[in-house]
Amino acid sequence: MKRVQLVKLAHARSGDKGDASNIGLIALRPEYYAILREKVTTEAVKKHFTGICNGAVERYELPNLHALNFILHGALGGGGTVSLRNDAQGKTMSTALLRMEIEIPDNIEV
Amino acid sequence: MKQKEQIRIASGQGYWGDLPQAPYWQASKGSIDYLVMDYLAEVTMSILQKQKSRDPKLGYAKDLLPVMEQVLPFIVEKNVRVITNGGGVNPQACRDAIFEIARRAGIKKLRIGVVYGDDIYGQIDDLLKRGHELRNLDTSAGLTTVRDRLQSANVYFGAFPIAEALEEGAQVVLTGRATDTGLTLAPMIHDFGWTENDFDRLAAGIVAGHILECGGQSTGGNFLKDWRSVPDLANIGFPIAEAQEDGTVYITKHKGTGGLVSVDTIKEQLLYEIGDPREYITPEVIADFTSIKLEQEGEDKVRVFDVKGRPPTNSYKVSAAYSDGYFAAGTLTYGWPDALEKAQAADRIMRRRLSDLGYRYDEFHTEYLGYNSCHGPLSPMPVEFNEVVLRVAVRGKDRDAVDAFGRQLVPLVLTGPPTVTGFGAGRPKPQEVVAYWPALISKAAVKPIVEVTELS
Chain A
218 MKRVQLVKLA HARSGDKGDA SNIGLIALRP EYYAILREKV TTEAVKKHFT GICNGAVERY
278 ELPNLHALNF ILHGALGGGG TVSLRNDAQG KTMSTALLRM EIEIPDNIEV
Chain B
8 MKQKEQIRIA SGQGYWGDLP QAPYWQASKG SIDYLVMDYL AEVTMSILQK QKSRDPKLGY
68 AKDLLPVMEQ VLPFIVEKNV RVITNGGGVN PQACRDAIFE IARRAGIKKL RIGVVYGDDI
128 YGQIDDLLKR GHELRNLDTS AGLTTVRDRL QSANVYFGAF PIAEALEEGA QVVLTGRATD
188 TGLTLAPMIH DFGWTENDFD RLAAGIVAGH ILECGGQSTG GNFLKDWRSV PDLANIGFPI
248 AEAQEDGTVY ITKHKGTGGL VSVDTIKEQL LYEIGDPREY ITPEVIADFT SIKLEQEGED
308 KVRVFDVKGR PPTNSYKVSA AYSDGYFAAG TLTYGWPDAL EKAQAADRIM RRRLSDLGYR
368 YDEFHTEYLG YNSCHGPLSP MPVEFNEVVL RVAVRGKDRD AVDAFGRQLV PLVLTGPPTV
428 TGFGAGRPKP QEVVAYWPAL ISKAAVKPIV EVTELS
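Keeping their order, the protein sequence lines are chains A and B. Counting from 1 along the first sequence, just add 217 to a position and that's the residue number in the numbering used here. Counting from 1 along the second sequence, just add 7 to a position and that's the residue number in the numbering used here.
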């Protein structure tokens with residue numbers, strides 16, 4: 218097994234719905250989708266966003282797009298107009314997720 | 008009923024404040040049948056409601072007027088029809104202002120439709136009395152808890168009332184709070200004769216609407232994968248949906264424009280601001296985003312097909328806004344050496360001074376641009392900073408306390424850590440926090456009203 222950062226396996230886009238951040242995670246190659254599905258679990262994402270996401274993490278699968286959609290509740294400091302953050306709408310949460318490291322089999326090329 | 012084979016629907020604006028030249032580009036750089044423009048964000052209505060209360064002729068997106076001036080010739084000469092939610096809380100006043108522009112341009116014939124009835128701000132007490140609690144979808148609290156601070160309340164109507172206005176010959180349709188996706192779906196309903204039971208087709212139109220609703224964000228803007236490969240963003244072509252009667256939609260852009268339309272740019276946009284992908288709920292249909300198929304059809308052309316939908320819910324979404332105290336935010340820039348350490352010291356000094364003066368806040372937020380304002384605690388510490396921007400912000404119910412915060416920031420330049428600059432914007436002033444209140448209302452409780460008027 219080897220450790221790789223998600224940025225080598227996926228691209229992403231994020232946005233907001235109130236105080237929840239939505240992050241779409243898209244496999245860079247179709248064959249990476251199964252790995253993302255197995256490794257990027259709600260528990261792993263919740264742990265990765267310690268100190269940022271104060272609520273539950275939901276995950277949805279879109280096999281047709283080789284993508285996962287995450288909803289991080291309580292992750293934007295109150296949301297849109299209430300949040301005091303520079304990134305109140307969580308536009309950069311996408312790449313925050315891509316910082317995450319997962320273990321993948323050695324034979325998978327990245 | 009007309010049966011066109013294909014219609015070309017062009018997105019001209021993804022939000023109020025989007026690229027001002029985009030609508031003209033869409034109208035002038037190639038042939039289109041419809042120009043759709045989104046102007047309303049979640050709390051825009053409260054700003055417009057305030058403007059209307061000061062002047063009954065205001066309350067719509069004023070930026071729409073210069074755009075209409077530019078595209079009127081295409082409406083009159085090329086049969087382009089414009090659909091926009093820029094009517095805000097006063098689509099009638101918006102219509103009159105556009106008629107005035109048309110008159111000045113010497114235009115004799117113009118039909119404008121308005122869709123209203125979405126603005127329920129004036130009926131709130133009546134609705135509450137009739138048992139519509141308008142509970143907050145996030146917190147479950149009833150609207151009565153913020154009733155005295157309420158600033159706006161609007162129902163999201165969908166595509167069918169807009170299609171009705173098109174049916175009555177409107178060349179321009181101005182709505183109040185309409186769903187972004189409905190603006191794109193409406194022409195398909197109108198031109199292809201889709202009915203309220205054509206759930207797969209309606210879902211296909213909604214998906215097209217979702218791809219178009221953020222303008223250039225589906226044609227290479229904010230594209231993360233391989234972003235360097237996107238050509239000529241300076242001349243970005245906004246998305247165009249080429250819709251077919253069977254629900255197949257080709258997403259493309261005008262020839263010769265910059266940007267990129269690929270399966271990957273479309274994927275990123277499809278995943279933007281969605282919840283459960285199996286249930287993308289709109290007034291017309293529940294679209295299943297896990298059914299969407301994408302195929303690269305040619306250069307800058309993607310086929311979107313096989314979309315599935317099912318019957319909608321019995322509710323409309325309501326977007327309300329209420330006043331929730333004040334906030335202020337400001338920045339100072341600290342230079343090398345020890346830039347971060349100095350910025351952190353300044354933050355401590357400022358907090359101490361405000362605390363000594365007796366001011367308290369609901370929240371006092373500090374971040375360091377260049378270090379952690381994007382990824383917070385996930386940001387690794389660099390070896391050395393050339394400079395760091397201290398950004399501090401407060402929020403609270405007491406306006407004086409928020410004002411005092413602003414008065415404590417700039418004095419740090421001469422009474423705090425050294426080599427600090429970037430205070431040119433002066434003292435941060437208190438601004439009202441307008442908080443968002445999402446709710447649902449029974450479809451039976453509100454009715455859209457469609458009114459089509461000829462220029463006279």
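Hints were generated in silico from the structure; no laboratory data involved. What you are looking at is a predicted structure, and each value in this text was computed from that prediction instead of being measured. Glycine included, C-beta positions come from ideal geometry on N, C-alpha and C. Treat the hints with care, as some may be off.
These stretches of chain A come out as covered by chain B in the derived footprint (C-beta under 8 Å, 3 or more residues) [what the hints assert, rightly or not]:
| # | region |
| --- | --- |
| 1 | 261-269 |
| 2 | 282-289 |
| 3 | 293-304 |
| 4 | 310-318 |
Here's how the hints hold up against the structure:
1. 261-269: Contact hint for the region 261-269 of chain A vs chain B: holds, 5 residues under 8 Å.
2. 282-289: With 4 residues close enough to chain B, the hint holds.
3. 293-304: With 10 residues close enough to chain B, the hint holds.
4. 310-318: holds (count 4)
In summary, the structure agrees with every hint in the numbered list given earlier.
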